[in-house]
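Enquirer: Sequence:
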Amino acid sequence: MNDPGNIRDKVRLILERANHPNTPQAEAETAIALAFRLMQKYNLNDADVKQHEQVNSQNDEIEAIEHSIFGPYRVRRGSLFYVIAQAVSCACFRENRDVGTDEVRMVAFGTARDRHALEVLFQAAELLALRMMPPGDRRFRTSWWHGFNAGVGKKLTKEQKTIFQETPGSQLVLIERFERASSVMFEAEPSLSNTGSSFINNTDAYGAGHSAGMSFSSGSNSLGSWQRSLGSGSGSRG
1 MNDPGNIRDK VRLILERANH PNTPQAEAET AIALAFRLMQ KYNLNDADVK QHEQVNSQND
61 EIEAIEHSIF GPYRVRRGSL FYVIAQAVSC ACFRENRDVG TDEVRMVAFG TARDRHALEV
121 LFQAAELLAL RMMPPGDRRF RTSWWHGFNA GVGKKLTKEQ KTIFQETPGS QLVLIERFER
181 ASSVMFEAEP SLSNTGSSFI NNTDAYGAGH SAGMSFSSGS NSLGSWQRSL GSGSGSRG
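Read in the UniProt record's numbering, the sequence shown has 73 at position 73, and its numbers run on one by one without any break.
By construction, these hints were calculated from the structure, which means they are not laboratory data.
Incorrect hints may appear among the rest.
[To be verified] Label-pair distances were calculated between CB atoms; the ranges are:
1) ASP102 to THR30: 32 to 38 Å
2) LYS161 to PRO190: 32 to 38 Å
3) GLU95 to GLU27: 23 to 29 Å
4) PRO135 to ALA188: 37 to 43 Å
5) GLU179 to GLU66: 17 to 23 Å
6) PRO135 to THR157: 25 to 31 Å
Built from N, CA and C at the ideal position, the CB exists for glycine as well.
Turn these sequences into a full structure, and let the hints steer you where they fit.
Expert: Structure follows, in structure tokens:
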């Protein structure tokens, strides 16, 4: 089980199963949670899972990626990106310089494995949001998004606790990676400050969104349908 090749193949199969259109919601939720746990526990990165490029899986260098988000609710989706970044030991901020009004640009700092986990989980969370967002006006849906983001954050925190219990010492490793990522981020952007805030306009919508976020899963939607409905996001290395 601890052979890197076996673990890599298992995670790839789990992610494929979670994204299959015929996978039931409950099974997809379990699959995404297990993939997240294995990726964090065994330090899998982009090359390990996707095999798209040859990257040293032991490389812990902190680098930055930019992820541009377009379409409806892009600010709330940017907040979701931030929530997931925190869970996977990435430091993150929203870039406002030279950015158009139709774009939310998020910048994340972390190791290759943590940046990959961020991209995979963010895509899965957006797919779930598309499937579960209820009808309603913009105010209702904005509150729903706040609840959804909080629910996703709570679910990933719960999974982290499981990792810490299963692997003694892993908490210190993840904290150290986050601290290094934060240090590099503030060296690159010394003027950054924490201006986070939370607004709840509709408690029912917030509660519904929170419940949806707690069911974090890639669901049964395809990537294509997500891009058509929410607008594509794009990532690049800084």
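Enquirer: Could you run down the list of hints and mark each one as holding or not?
Expert: Hint check results:
Here the CB-CB span from ASP102 to THR30 is close to 37 Å, well matched to the stated 32 to 38 Å. Distance hint check: the CB atoms of LYS161 and PRO190 are about 33 Å apart, consistent with the given range 32 to 38 Å. In this structure, GLU95 and GLU27 break the distance hint of 23 to 29 Å, their C-beta atoms being roughly 37 Å apart. Distance hint check: the CB atoms of PRO135 and ALA188 are about 42 Å apart, consistent with the given range 37 to 43 Å.
Range check, GLU179 to GLU66: Cβ separation about 22 Å, and the 17 to 23 Å hint holds. The given range of 25 to 31 Å is respected by PRO135 and THR157, whose C-beta atoms sit roughly 30 Å from each other.
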